[in-house]
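So the protein sequences, as listed, match chains A and B. Sequential numbering of the first sequence, starting at 1, is according to my numbering. Sequential numbering of the second sequence, starting at 1, is according to my numbering.
Quick caveat, the hints were computed from the structure, so don't treat them as lab data. Just so you know, not all the hints are guaranteed correct.
As the list claims (entries may be wrong) - Straight line, CA to CA, 30 Å or less: simulated DSBU-like cross-link-like pairs of lysine-lysine:
| no. | chain 1 | residue 1 | chain 2 | residue 2 |
| --- | --- | --- | --- | --- |
| 1 | B | LYS71 | B | LYS97 |
| 2 | A | LYS204 | B | LYS71 |
| 3 | A | LYS19 | A | LYS42 |
| 4 | A | LYS19 | B | LYS97 |
| 5 | B | LYS13 | A | LYS203 |
| 6 | A | LYS71 | A | LYS136 |
| 7 | A | LYS144 | B | LYS71 |
| 8 | A | LYS19 | B | LYS2 |
| 9 | B | LYS51 | A | LYS203 |
| 10 | A | LYS204 | B | LYS61 |
| 11 | A | LYS85 | A | LYS32 |
| 12 | B | LYS61 | A | LYS12 |
| 13 | A | LYS144 | B | LYS51 |
| 14 | A | LYS19 | B | LYS61 |
| 15 | A | LYS136 | A | LYS204 |
| 16 | A | LYS166 | B | LYS51 |
| 17 | A | LYS98 | A | LYS82 |
| 18 | A | LYS166 | A | LYS35 |
As the list claims (entries may be wrong) - A few chain B positions that, by computed beta-carbon distances, are all more than 10 Å from chain A:
| no. | residue |
| --- | --- |
| 19 | ASP31 |
| 20 | TRP60 |
| 21 | SER107 |
| 22 | ASN116 |
| 23 | LYS119 |
Ideal Cβ placement from N, Cα and C applies to all residues, glycine included.
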Amino acid sequence: MFFDFHLHGDYKLAREAEKLGYHGVALVVHSKDCKKQAETLKDLRKTIIKDGNQDDGNSFSLQLGVEIDAKNPEDLKKQVKKFRKNADILLVHGGNLKINRAATEDPRIDILSHPYRNRYDSGINHVLAVKAAENKVAVEINLKYFLLTRPNQRHRVLNQFQQIVKLHRKYQCPVIITSDASSIYGLRNPRDVMAMAPCFGMKKEETLTAMSAIPQEIMERNKIRDQVIVQGVRLIK
Amino acid sequence: MKLKILPTHLRDKKRYLAFQAVSEYPLERDDVISLVLEASGDLYGACGTSKLGLWVVKVWKYNSSEKKMVKGIIRCNRNEVDAARAVIPTITRFRGKRVVFQTLGISGTIKAATTNFIKLKAADD
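Just chain A, with the same shape it has in the complex (with noise of 0.2 Å):
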């Protein structure tokens, strides 16, 4: 089983990872979208529900995803405050420490996206890793990241993928492989990011974990996310 759960688009490429070999994929939408026009989100849910519903049967899951692209951690605070009832996947436009660290703070976060964005580090260390582990906020390695750096700066991208690989095996926070894909182009076999994954510094067992395991992981929580009152706690309705 794989998932992506960084894609940007619409029914039609979520079809086509089907084709590839995807057994589920997030559709993820801006939150900048969703300020400028409050029903991007709705009309979208609408959509996937419309076509999902046109082939049932098969067990492809589509999940609504959004990316929040915040200023400073407080607004942060209220956009996922906003978003988490409405979307099914909160991911979180990392790349600035603050950001970096105030996502890895938040239970109701589910991925930090990038946090390595036009870094020279990794953007987390031992500190996040370990908030990340405790809250359970996957680390995204961004393989759109990675393709479209230019040759002679790849080192760099894969250098800071090993260091995330070192936290993860260290102190068990989460990192999930998504491609980031806005079009046909961006999407990749599984299999092939697989073989692929060495270049990160993975293993197998561990690549597996990160493409399947911690997505199935994520969609488990969300499902019984309004029941929980604090972490542990849950109410049976």
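Knowing the structure of chain A, use the given hints to seat chain B on it.
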């Protein structure tokens, strides 16, 4: 004088990767070769590439008005299949236009790769 061919147990063992490529600019066989070798050089360097034993065996063109697609077979060393497979998704651009390579499957013979992954019928030609 022609060199005598190596005995079978001394020859390099091979595997065949069937792939498809969708591009905005139509691809020829020479383009595929240069793209694959360039990508491998970028990822592993000259030393690493030499161990993979990459060779583009055959390329079929499936160009239509809406989609420009090629399918083909790449040969690689049997011990380095995963490393060779990792080269294929790293190809992103060709002459400034977008291109994407995806593996269809791995096989031990050219015939099986063609029938199972590319033509899906008979490998007569």
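Structure-based check of each hint:
Straight-line distance between C-alpha atoms of B:LYS71 and B:LYS97 comes to about 18 Å, which keeps the hinted pair within the 30 Å bound. This hinted pair checks out: A:LYS204 and B:LYS71 have alpha carbons roughly 28 Å apart, not beyond 30 Å. Distance restraint check for A:LYS19 and A:LYS42: the Cα-Cα separation of roughly 26 Å lies within the 30 Å cut-off, and the hinted pair is therefore satisfied. This hinted pair checks out: A:LYS19 and B:LYS97 have alpha carbons roughly 24 Å apart, not beyond 30 Å.
For a cut-off of 30 Å, the pair hint linking B:LYS13 to A:LYS203 stands: about 25 Å separates their Cα positions. Using a Cα cut-off of 30 Å, the hinted pair A:LYS71 and A:LYS136 holds, with the two alpha carbons roughly 23 Å apart. For the proposed pair A:LYS144 and B:LYS71, the alpha carbon gap of about 23 Å is at most 30 Å, so the pair holds. For the suggested pair A:LYS19 and B:LYS2, the alpha carbons sit about 48 Å apart, so the restraint of at most 30 Å is broken.
Taking the CA atoms of B:LYS51 and A:LYS203, the gap is about 21 Å. The hint holds against a cut of 30 Å. Simply put, A:LYS204 and B:LYS61 have alpha-carbon atoms about 34 Å apart, too far for the 30 Å limit, and the pair is violated. Taking the CA atoms of A:LYS85 and A:LYS32, the gap is near 17 Å; set against the 30 Å cutoff, the hint holds. Between B:LYS61 and A:LYS12, the direct Cα distance comes to roughly 24 Å. Compliance with the 30 Å bound is thereby established for this hinted pair.
Note on A:LYS144 and B:LYS51: the hinted pairing holds, with a Cα-Cα distance of about 27 Å set against a maximum of 30 Å. Distance check on the hinted pair: A:LYS19 and B:LYS61 sit about 21 Å apart at the alpha-carbon level, within 30 Å; holds. Between the alpha carbons of A:LYS136 and A:LYS204 the distance comes to roughly 22 Å, so the proposed pair stays at or under 30 Å and holds. At roughly 27 Å between alpha-carbon atoms, A:LYS166 and B:LYS51 fall within 30 Å of each other, so this suggested pair holds.
A hinted pair counts as satisfied when its Cα atoms are at most 30 Å apart, and A:LYS98 with A:LYS82 qualifies at roughly 20 Å. With a CA separation close to 37 Å, the supplied pair A:LYS166 and A:LYS35 exceeds the 30 Å bound. No Cβ of chain A approaches the Cβ of B:ASP31 within 10 Å, the least distance being about 16 Å, so the stated non-interface status holds. At the 10 Å boundary, the C-beta of B:TRP60 stays outside the reach of chain A, the nearest C-beta of that chain being 19 Å off.
Distance check on B:SER107: its Cβ is at least 14 Å (rounded) from any Cβ of chain A, clearing the 10 Å threshold; non-interface status holds. Annotated as non-interface, B:ASN116 keeps its C-beta farther than 10 Å from every C-beta of chain A; the closest such distance is 15 Å. Here B:LYS119 stays apart from chain A, with its beta-carbon at least about 18 Å from theirs, past the 10 Å limit.
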